[in-house]
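Trainee: Below, each chain spelled out in residue letters.
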Amino acid sequence: MTENLAGYLFMIPTILVLGTFVVLPILYAVFLSLHKVQLLGGIEYDFIGFRNFNRLIADERVWIALKNTAEYVAIVVPTQTVLALILAVTLNAGIRGKNWWRILYFLPTVTSSAVLTLIFMWIYNTDGLLNDFLAFVGLPTYNWLGDPAVALKGIMIMNIWSTAPFYMVIYLAALQDIPQKLYEAAELDGANGWQKFIYITIPLLKPVTFFVVAVGIIGTFQLFDQSYIFSGGTGGPNNATLTLVLLIYQAVFRNLQMGYAAAIAFLLAAVIIIITLMQQRFFGGERI
Amino acid sequence: MNISRVSWPKVLLYVLLTIYAFITLIPFLWALSASFKPLSEIVSGEPNFLPKNFTLNNYRQIFVQEPLFWRWLFNSVIIAVSVTLLNLLFNSMAGYALARLHFVGKRFWFFVILAVLAVPAQITLIPTFLILKAIGWLNSYQGMIVPSMINATFIFMMRQFFVNFPKELEEAAQLDGLNTFGIFRHIVLPLAKPALAAQAIFVFMGSWNNFLLPVVILFDPEMFTLPLGLNTFKGQYISYWNYIMAASMIFTLPALGIYAFFNRYFIQSATFTGGKG
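In order, the protein sequence lines correspond to chains A and B.
Going by this note's numbering, the residue at position 111 of the first sequence is 111; the numbering climbs one at a time, nothing skipped.
Add 288 to a position in the second sequence, counting from 1, and you land on the number used in this note's numbering.
I should point out that these hints are in silico values taken from the structure, not numbers from a laboratory.
Possibly wrong hints are sitting among the right ones.
What the hints assert, rightly or not - Listed below are the simulated BS3-like cross-link pairs for lysine-lysine, each with C-alpha atoms no more than 25 angstroms apart in a straight line:
no., chain 1, residue 1, chain 2, residue 2
1, A, 181, B, 298
2, B, 298, A, 98
3, A, 206, A, 98
4, B, 455, B, 421
5, A, 36, B, 455
6, A, 181, A, 98
7, B, 298, A, 196
8, A, 98, A, 196
9, A, 153, A, 67
10, A, 181, A, 153
11, A, 206, A, 196
12, B, 298, B, 394
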């Protein structure tokens, strides 16, 4: 009896907060997505069935945002995963001062996306550091911020750079768990460094790679801060940096369409869930 | 001959590591240096990493001339510190209850925590905005703090931690007459320090750097946190990169400090995620 009481006293903050700000909002989101919501003065709801979802399919900007986000995920996730693995393996190769390198490399992950975006916007300026460097080594320069063809690529480069160290740390931890004996046995069989990497390291890291890719996909699909700051909230130039979360934001605060925004949020959730499930199949049902 | 055969791969390794260190550091050094340059030197187009005309004017400008900068700093500190402390307390309590206490409905609540883990944050964003609006918490500290003071991920992490925790100490304390709360306060929490430290880093940095939630629920510039303030800075001082960089440096310092302070716990928690999670 007292243990029941103690249990609930320990759980009460969690139950209240998760109930009010997670469970209730999920049910509320379902409700919103089926209504047209009027926000003038009080709130009025008109039941409109699946019309928000029909509208979403017909909305060109949804498809642009989805395409931008998908392109972003398809380039950023593999690149940052491979980079993280390379960095981790390099740091794990018995070098001196491993902790210092690790702290140094981790710096971009600690820094806020707002600060990083501002620094990179400045470096991407037409007469900024990056173009100075590209011109110096004889490569073409770009209008990174203003040209729709490269604006999203600018954000990709920045995000790969800032997120890879996070996954590097996870890979590093996992590399330490691989028994040294396996490598010794392979050496006796005459395996070289590359073969050990391909036949021992990569397969044993598979569960961690699953985790890194899954978290990477979820994170990149939620791209918002960088697009918002880069484009001043518009998703420009010419919708090049428009993402699904930015679209949700615009639906709520520019057009005051809560129901439609909720429908886009469900589309985003569905895409993330489907891709995560596909990835799970691809990795043969590995679980973390 | 022998020496060169052994050391060439190592040399290559250090060269690669150094090149990547430059790639990591250059944006920060460039920004740091700009924060000490007058604007004329920044726009002159000469890429010099050391300021020629070193000045503290940019920092003076944002602290003295920008009346809201102190307020934004204060807001960010209040919110991030409150959110961190409340998370440490409440997540541990829930994690401990789910790991150790026996109460009716325990399995159900554990299932709810696991289910919540799988829901993308965007789904709850708009309803949370409307709920906060309905209870009059938009544009307030409590609106920023209360919805964020619990985190299902860390409840789960704390539960895993407490499940593997040796029971003997708690049993001994019980024999000494401590009740559940006394045991939690005097035995369990002190021994959970590494897990709490790792959590503190993640929660503090998450709150300190958060952009989406404040952009949605804070609209009065007086209530802005630093990321929002910094973003309006960008609009207001559109080409005053010297001020923007100085403000960015001030913003980055606390997160760096926390990270440096808790670094070794952080690495332990990464082991937890990567190896056993």
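Trainee: Tell me if the straight-line CA distance from residue 181 of chain A to residue 98 of chain A falls inside 25 angstroms.
Mentor: 22 angstroms, holds
Trainee: Holds or violated: residue 98 of chain A with residue 196 of chain A, Cα cutoff 25 angstroms?
Mentor: 22 angstroms, holds
Trainee: Has the given pair, residue 181 of chain A with residue 153 of chain A, been kept, meaning a C-alpha gap of at most 25 angstroms?
Mentor: Measuring from Cα to Cα gives roughly 43 angstroms; hence the hint is violated.
Trainee: For the pair supplied as a hint, residue 181 of chain A and residue 298 of chain B, confirm whether the alpha-carbon distance does not exceed 25 angstroms.
Mentor: Roughly 22 angstroms separates the two Cα atoms, so the pair holds.
Trainee: Is the straight-line distance between the alpha-carbon of residue 206 of chain A and that of residue 196 of chain A 25 angstroms or less?
Mentor: 15 angstroms, holds
Trainee: So if I understand the rule, the pair passes when the alpha-carbon distance is 25 angstroms or less; does residue 206 of chain A with residue 98 of chain A pass?
Mentor: 24 angstroms, holds
Trainee: For the pair supplied as a hint, residue 36 of chain A and residue 455 of chain B, confirm whether the alpha-carbon distance does not exceed 25 angstroms.
Mentor: 55 angstroms, violated
Trainee: If you draw a straight line from the CA of residue 153 of chain A to the CA of residue 67 of chain A, is it 25 angstroms or shorter?
Mentor: Given pair residue 153 of chain A, residue 67 of chain A holds - Cα atoms ~14 angstroms apart, limit 25 angstroms.
Trainee: Has the given pair, residue 298 of chain B with residue 196 of chain A, been kept, meaning a C-alpha gap of at most 25 angstroms?
Mentor: 17 angstroms, holds
Trainee: Verify the proposed pairing of residue 298 of chain B with residue 394 of chain B, using a straight-line Cα cut of 25 angstroms.
Mentor: 54 angstroms, violated
Trainee: Given the hinted pair residue 455 of chain B and residue 421 of chain B, is their Cα-Cα distance within 25 angstroms?
Mentor: Given that 25 angstroms is the threshold and the Cα spacing comes to 45 angstroms, the pair is violated.
Trainee: Measure nothing beyond the straight line between the CA atoms of residue 298 of chain B and residue 98 of chain A; if it is 25 angstroms or shorter, mark the hint as holding.
Mentor: 14 angstroms, holds
In this structure, the hints that do not hold are numbers 4, 5, 10, 12, in rising order.
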